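Colleague: Letter by letter, the chains look like this.
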Amino acid sequence: MSRRSAIDAARARSAWLFVTPMLVVLAVVAAWPLARTIWFSMTNATLVDLTTYDFIWFDNFVVHAEGRWYGIFTDPQWLRALWNTLVFAAVSVSLELVLGVIVALIVNASLPGRGLMRAAMLVPWAIPTVVSAKIWQWMLNDQFGVVNAMLEGAGFTDGPIAWLGGSSLAMVSIIMVDVWKTTPFVALLVLAALQTLPKEIYEAAKVDGIHPVKVFFKVTLPLIKPALVVAVIFRLLDAMRMFDLVYVMTGSSEETMTLSVFARQALVSFQDVGYGSAASTGLFLIIAMITVIYIMTLKPLGQEKAA
Amino acid sequence: MKSNRLIKNGALVLLWIVVALFLLFPFYYAVVSSFREGSAIFEASLWPGDPTLANYRAVMTDQPFAKNILNSLIVAFSVVVLSLGLATFASYAFGRAKFKGRRLLLYTILGVSMFPQVAVLSGLFEIVRLFGLYNNLLSLVFSYMIFTLPFTVWVLTSFMRDLPVEIEEAAIMDGASSWTIVTKVFLPLLAPALVTTGLLAFIAAWNEFLFALSFTLTNEQRTVPVAIALITGASQYELPWGNIMAASVIVTVPMIVLVLIFQRKLVAGLTAGAVKG
Numbered sequence: 001m002s003r004r005s006a007i008d009a010a011r012a013r014s015a016w017l018f019v020t021p022m023l024v025v026l027a028v029v030a031a032w033p034l035a036r037t038i039w040f041s042m043t044n045a046t047l048v049d050l051t052t053y054d055f056i057w058f059d060n061f062v063v064h065a066e067g068r069w070y071g072i073f074t075d076p077q078w079l080r081a082l083w084n085t086l087v088f089a090a091v092s093v094s095l096e097l098v099l100g101v102i103v104a105l106i107v108n109a110s111l112p113g114r115g116l117m118r119a120a121m122l123v124p125w126a127i128p129t130v131v132s133a134k135i136w137q138w139m140l141n142d143q144f145g146v147v148n149a150m151l152e153g154a155g156f157t158d159g160p161i162a163w164l165g166g167s168s169l170a171m172v173s174i175i176m177v178d179v180w181k182t183t184p185f186v187a188l189l190v191l192a193a194l195q196t197l198p199k200e201i202y203e204a205a206k207v208d209g210i211h212p213v214k215v216f217f218k219v220t221l222p223l224i225k226p227a228l229v230v231a232v233i234f235r236l237l238d239a240m241r242m243f244d245l246v247y248v249m250t251g252s253s254e255e256t257m258t259l260s261v262f263a264r265q266a267l268v269s270f271q272d273v274g275y276g277s278a279a280s281t282g283l284f285l286i287i288a289m290i291t292v293i294y295i296m297t298l299k300p301l302g303q304e305k306a307a
Numbered sequence: 001m002k003s004n005r006l007i008k009n010g011a012l013v014l015l016w017i018v019v020a021l022f023l024l025f026p027f028y029y030a031v032v033s034s035f036r037e038g039s040a041i042f043e044a045s046l047w048p049g050d051p052t053l054a055n056y057r058a059v060m061t062d063q064p065f066a067k068n069i070l071n072s073l074i075v076a077f078s079v080v081v082l083s084l085g086l087a088t089f090a091s092y093a094f095g096r097a098k099f100k101g102r103r104l105l106l107y108t109i110l111g112v113s114m115f116p117q118v119a120v121l122s123g124l125f126e127i128v129r130l131f132g133l134y135n136n137l138l139s140l141v142f143s144y145m146i147f148t149l150p151f152t153v154w155v156l157t158s159f160m161r162d163l164p165v166e167i168e169e170a171a172i173m174d175g176a177s178s179w180t181i182v183t184k185v186f187l188p189l190l191a192p193a194l195v196t197t198g199l200l201a202f203i204a205a206w207n208e209f210l211f212a213l214s215f216t217l218t219n220e221q222r223t224v225p226v227a228i229a230l231i232t233g234a235s236q237y238e239l240p241w242g243n244i245m246a247a248s249v250i251v252t253v254p255m256i257v258l259v260l261i262f263q264r265k266l267v268a269g270l271t272a273g274a275v276k277g
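Chains A and B, in that order, give the protein sequences.
Taking the UniProt record's numbering, the leading residue of the first sequence gets 1, the next gets one more, and so forth.
Taking the UniProt record's numbering, the leading residue of the second sequence gets 1, the next gets one more, and so forth.
It is possible that part of the hints are untrue.
[To be verified] Cut-off 30 Å, straight-line C-alpha distance, at most; resulting in silico cross-link-like pairs (DSBU-like, lysine-lysine):
| id | chain 1 | residue 1 | chain 2 | residue 2 |
| --- | --- | --- | --- | --- |
| 1 | A | K214 | A | K225 |
| 2 | B | K265 | B | K98 |
| 3 | A | K199 | B | K265 |
| 4 | A | K214 | B | K8 |
| 5 | A | K225 | A | K206 |
| 6 | B | K8 | A | K218 |
| 7 | A | K199 | B | K8 |
| 8 | B | K184 | B | K265 |
| 9 | B | K8 | A | K206 |
| 10 | B | K184 | B | K98 |
| 11 | A | K218 | A | K206 |
| 12 | B | K184 | B | K100 |
| 13 | A | K225 | A | K199 |
| 14 | A | K218 | A | K199 |
| 15 | B | K265 | A | K225 |
| 16 | A | K225 | B | K8 |
| 17 | A | K214 | A | K199 |
Keep in mind the hints are simulated off the structure, nothing from the lab.
Just so we're clear, the structure is a prediction, and the values are computed from it rather than from any experiment.
Extracted from the complex, chain A is given alone in its bound form (with noise of 0.2 Å):
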């Protein structure tokens, strides 16, 4: 037997071994609540007594009845909170890798204090998105925040703007939370890429006399294409299932709320967890979709060079 089999055979052997202990955690905290979220989705239970329910099958999804359509499928809340999600997503999502290249291209040009710039990128990210949702709410604040102080300060506005009260200008102030928070991940993101990027191809643009702008729309943009397209997907997955911000900035206002914050209130709020359940089923099939096709797209695994 070769030197390279043996190896390949105990490793092989012992490899079972070693994951299992990690599948069967994951099964107990990921396949299984889920496998019984799903199944609660087509029942009436309520969190008051988990044990007795109806299995009503998809009543909670859609149903007509007695004239009415009763379901999520047909809440009008759900609905706003489906379509405040989307907007939520796509919005922040596009601003985030706009502002994000933006910031990334800065700190990549080599100048003295790249290091101090990149360090001042990772502060919002460090902070708890609690907090940042709460130190934004204080800066927001209608009548005591200083956004508004600097605003009439400088003479844009003459009266205080009530940020998060409940109007579409609660979810432009969520949206511009999470791009001060999420934007300089974009940016590490990108600039990790554009760190591998050969420096030859841009002396060589540079003697050839090509415009910038040029050079980074043909061959910057090309070559670090996929290190965006995991920013978006990762971004795009975390603005959908998006939570705390939220919750914490506007509560379970009508004009903000997610999918999430939805189906959390019908769960835990008002008892229902049928309901619940069904809201949540339906974010989880969502995303499930997302997933599915961004593994699609990867390189199949099996085939990165052999270790």
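Use these hints to put chain B onto chain A, whose structure you have.
Modeller: Coordinates of chain B only, in the frame set by chain A:
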């Protein structure tokens, strides 16, 4: 030519300052607010004026905030130790061995890391109740594994793959078992990766909100994010912003210090977790 470059660099520096101000100002303002007391906090000025530690004292004495910090530390440390322990062995199998079903398993784990947390909430509620863990920190340690475990496995696998094969070959030829190889040969080599991954898992557990909010009931059992989110004033109409900002600064400063110390490694860990698909 030279002045042209000077202008360009000047513009860049200006841009940096604008970006840095935008990134750092909210935290600066939280610090400033945390040192103001009484009516001074409502003045919205950019300087602390007459700084006082009253808010810090209040947050530590009027409520069990020290206990909240301890809770967060206990939960986060336990989660890190458990995740790293399980993930180290799993990542050895994923990173170095070829076995049937390996690819499918890795994709499944990647899939789990993308779960919306709320999708397992009712199922977890049932388990937490069944084992009598409601309002108990163990329920948090247990439920946090759902996001720390896939992540640590994924990142450690990518680090494990890059370790030199010669060391392992030599150990196998000397008759070392897989257990010995992982614990005696690879563990020391992986130490830097473990620190990075552990820190990222620690931050995730320290920041978690949804499970902590749902599985704890009393202020005594709360972790810091929930405690901060639920700080209330003497009356329904009064929000103690000074206290909230003081509490925010207390839990954020250690995080920022940790992140800045480990910044290079953290970025490497984040990209390893994200990019290597």
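Colleague: Taking the numbered hints from earlier one at a time, note which ones the structure violates and give those numbers from smallest to largest.
Modeller: Violated hints: none at all, because every hint is consistent with the structure.
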